[in-house]
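Q: Go ahead and model the full structure; you've got the sequences and the hints to work with.
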Amino acid sequence: MSLSTILMTVFSTTLIYAAPLIFTALGGTFSERSGVVNVGLEGMMIVGAFSSTVFNLSFGNVFGAGTPWLSLLVGGIFGLLFSLLHAVATVTYRADHIISGTVLNLMAPALCVFLTRIFYNGKGQTPVIDQSMGNFTFPGLTNIPLLGKILFTRTSLIAYLAILVGGASWFFLYRTNIGLRLRSVGENPTAADTLGINVAKYRYMGVLISGALGGIGGAVMAQSITLNFSASTISGQGFMALAAMIFGKWNPMGATGAAVFFGLAQSLPIIGGYIPILSHVDSVWFQIAPYAITIVVLVVFLGKAVAPAADGQNYIKGK
Amino acid sequence: MEKDVVQMKNITKKFGNYKANDDISLELKQGEILALLGENGAGKSTLMGMLSGLLKPTSGEIVINGKSVKMENPRDAKTLGIGMVHQHFMLIPAFSVLENIILGDEPLKAGHINYKQAAKDIALLAGKYHLKIDLSAKVADITVGMQQRVEIMKALYRKANIFIFDEPTAALTPQEIDQLMKIMRALSDEGKSIVFITHKLKEIKEVADRCVVIRMGKVIDSVKVAETREEALAEMMVGHKINFAVDKKETNKKETIFKIDKLNVEAHGQLKIKNLDLTVHSGEIVGVAGVDGNGQSELIEAITGLRKIKTGIVVLNGKKIQHQSARKIAEAGVGCIPEDRQNVGLILPLTISENLVLKSYYKKPVSNKGFLNYKKINEDGRQLIKNFDIRSQSEKELVGDLSGGNQQKVIVAREISAQPELLIAANPTRGVDIGAIEYIHEKIIEQRNAGRGVLLVSFELEEILKLSDRVVVMHEGQIVGEIDPRDTSSEELGMLMAGKQLAE
Amino acid sequence: MLHSRSMKGLAVPLISIAAGFIIGAVLMLIFGYDPIQNYQNLLIGSLGDVYSIGETLRNMTPLILTALGFAVSSKAGFFNIGGPGQYLMGWFGSIVFALSFSNLPTWFLIVGSLMCGAFFGGIWSFIAGFLRAYFGTSEVITTIMLNYIALYFVNFAVKNWLASKGSDSSPNIAKRASLNTEFLQKLTNNSTFNWGFFIALIMVVVIWIYFNKTRSGFEVRSVGLNEAASLYAGINVKRTIVVAMLVSGLLAGVGGAIDGLGNFQNISVSNNLPSVGFNGMAVALLAAENPIGIIFAALLFSALQIGGLSISVYSNTPSEIVDIVIASIIFFVGIKYIFKVALARNWGKRRRKTTNGGADK
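Chains as they are written, first to last, in the numbering used here: chain F, 1 to 319; chain S, 1 to 504; chain Z, 1 to 361.
Calculated from the structure, these hints are not laboratory results. All of these numbers come straight from a predicted model, not from anything done at the bench. Since no wrong hints were added, every one of them can be taken at face value.
To be clear about the criterion: a stretch of chain Z counts as covered by chain F if any three or more of its residues have a C-beta under 8 Å from a C-beta of chain F, and this derived list gives those stretches:
(1) 135-143
(2) 150-162
(3) 264-277
(4) 281-292
(5) 331-341
Simulated crosslink set (BS3-like; lysine-lysine; CA at most 25 Å straight-line):
(6) Z/Lys213 x S/Lys363
(7) S/Lys56 x S/Lys19
(8) S/Lys120 x S/Lys138
(9) Z/Lys175 x Z/Lys165
(10) F/Lys249 x Z/Lys238
(11) S/Lys364 x S/Lys328
(12) S/Lys109 x F/Lys201
(13) Z/Lys238 x S/Lys308
(14) S/Lys29 x S/Lys128
(15) F/Lys317 x S/Lys14
(16) S/Lys363 x Z/Lys238
(17) S/Lys396 x Z/Lys213
(18) F/Lys249 x S/Lys138
(19) S/Lys70 x F/Lys317
(20) S/Lys19 x F/Lys317
(21) F/Lys317 x Z/Lys340
(22) S/Lys310 x Z/Lys238
(23) S/Lys19 x Z/Lys340
(24) S/Lys363 x S/Lys328
(25) S/Lys56 x Z/Lys340
(26) Z/Lys213 x S/Lys369
(27) F/Lys201 x S/Lys56
(28) Z/Lys213 x S/Lys364
(29) F/Lys201 x S/Lys70
(30) S/Lys466 x S/Lys200
(31) S/Lys375 x Z/Lys213
(32) S/Lys56 x F/Lys317
(33) S/Lys369 x Z/Lys238
(34) S/Lys14 x Z/Lys340
(35) S/Lys328 x Z/Lys238
(36) S/Lys364 x Z/Lys238
(37) Z/Lys340 x F/Lys201
(38) S/Lys396 x Z/Lys340
(39) F/Lys201 x F/Lys317
(40) S/Lys376 x Z/Lys213
We put the CB at the ideal spot given by N, CA and C, even for glycine.
A: This is how it looks when you write it as structure tokens:
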């Protein structure tokens, strides 16, 4: 294999694995920026993966090649609905955020596999979808010498979209008034309240956006990687996304970058085999490397990450 | 006669069965500065909470500009032109000054915040009212005085006509207080009306037109400031005559108990203490005066072992105690009443008796082979509760459930019962009621009279001047002067604190 | 007064449990299953005979330990999601020891294997605790990462070092090393119930004493409640963090070792992290991190899991219904604020009176 082909493979595999993490990590950022800790990202992804797969299987013959894209939307909607549970529990009923998040992680696989068994004759997994999200070659851009092949040929369109969403999220949080207010309730809800900002409203917003993005993240996983739904479709990606969010210091751009890094790391064991020098190394090291590197990078370069000041604190209004 | 902009009629506010405000009525006229005087817990903040939309009255009526209003939230108060400058600033440290000011009322341009426009509008207001603020700085990095100006600007930006200042001078230097008084007068000259919550009589005399005194939730009187003496105001506030004098025995300064030599301490990569020398003798209270942020916290942290010392020597009773752990230093005989009672001095969710052994739990007889003797802990707790007059239900009550004054007494009991050679007291009476203040002052003087050393760090100049035998002034990490409290006024002290030399 | 307070303490979990079962029943009705029949099967399947009881108790054993582990770190103020990895390392460590030193006398073999498991689990959490204490590294990230490192490392080690070529499982440990003895098998009609259960109960008592009676436990609680105040009080906060995280991992490691020695008798390659690690978190949260409460929470959790198996045996109801019930119960525990508001009408008034009577005036 030529160098450019190897690079292309590395790049596209990285993006494929990064896409679900980017969406979900961005989701986590919205929630925690508004002050609601979200360890339930895994659960939101599961719901997104399940609902998108069911939609794809049911309407694949109606919408054809557009189905996976519509499925993402469906995953986002159901992720949002599911996250309502977290919002109600934490914002309205003052539940501990960790407990509520854990409930999402317990509830999602239980409910989704339960429904899978009901919808698909008692089996614990769905059939494989016909209309999946394949790779994409950017017309035109692919002709750019060298870079065209590496960056824009047979690559993951959804990952590019995810990165765009990352940029948009940054703009939203740091340049719009709604973003400023959303962040303010995550930093000092009492101060925000004295300025007439409805703390509950913005926290609901943060959690629901995180549900939608987490749902899309899970849907991307199902539509482009696993291609069906079972209990193991989402196995830890939600937690990886949580880690990416912290790694990225609760900043959308940081989270996006961290998610891409994790994507690269996850693709290592897959591409390791293609790269001549690395093909002799036992695959276990590739599997372990991303996680170990993350720890080392964190220890050596980043130190203590600082969460939004009121992250995890319930806001109780004076009577 | 000017018209009333605010009328509060027969306001009662209950929390559960507790009446925080009991049938209170008051009026505020246009352009007037009205002082609201009362002790901590008298119900001043509750009353103003209702005027600013944070709380709802249980009964009674609020009339603004002649119209009866029912405020559901602070936004309603804002719409009515009411702006509150909170005692504990309602600011977001992670945001810039500009962001803090516009939050909730952001000017927009094409879907995003028009920061330029906002900065221009604010600069205009700042010029008009002489409010010096740095819009691009992070709130976490600016001084307390500037934070307060940001709070005032927040209200101005929202076109407030009625200002409520809740204990605005608590954390300010004399110079900053002067500046604030000027701003308040400028506001009133522009026709804006001000309610000024305080328990400092001097400031009332200086700036207010009228004064309403409340005690235990009720209005005691409403008086013209110009016609009333300070002593009379004080008596109305507490309900009995106050003894301003303290009982200090003459002691002859004896040997040096504590000595710091050429101390240098860094914080966040900056040198916060520079070549500092300090001595405390037995039977002496040394007051450390200074504006907040001039290295006082770092000095205390360095002495007590919570912060690394770069260079220098710290000696207690002839023994070097620098570069040791906090525990070793405490064992050597340094006690400390910390500045931040709730976050540093106590663990609120633990019981009173557990908090009382927080510094000695590991020693015999409380701890034996790694196990704790709770019977002993609680017995000792009961004893200290009695000795130090801590008002509580039992020694097993959580410290977080106690009042501020009693929480402070828990700390005082713990630190003094350990019989330290040197007691460091940092703002020991901040935010506690007058009864507890007197008690804590007594205890500090007892230490001195018993021949121990006391280092008193306080932002309350009157406290420093009243208690200290000797006062040193800290400025930018150095001791810039030493004065005799008996013949120095707080104005002169203020000059030194601001870094100026006294003209002889 | 005390009476009403403890009643109130129990009321929240009891109401939550009832509400969780109601949610499950409603869901079953919606999809045309018979909730009464299923709940009956659940009860019989989990506690109906000595065999089921044995299975339920065996299943709750590692849950108790991973929950205790989570509770210890949580009391110190840390969110240790590393239970799965620590449990897995403990399981691995116990099997490695049992296989490597199979010639040791029985007692040494068993105690050695357990300790080796605890040690492996402890190392795993120690790393996170050390990095947190001395570098400020988020324990949330490190424990997540260490989970995966444990998973891939153990898979690799089992395949390359323990299993014979082509196999995905290690050989079984010697009968002597097993915690599952003939006596217990006879007693419980050949269930997998083993002595590990009693070890877990002992650990509960030990941890209860640790928190409530020991110096180190006091330090852990202090640091968890207020780090700044602990520093000021002279507590060695960094060491305390490391100790708490270490104890946390030791417990999860013992959980893994007990499952290895008592239940599985070997270790196999696995695609996913063991769910018992995450479930321990849920158990601890259900029990509000109270060691004694953890026993009951683990019993409930385990009975539902074991009973759930027979639901799908005797009907076509998906057994996941019990997981939904579990999640619902914890959800209701989480939003206990609602119940508190409701209960306050009865109990709250009485309490407030006494509070005001003694308040400082």
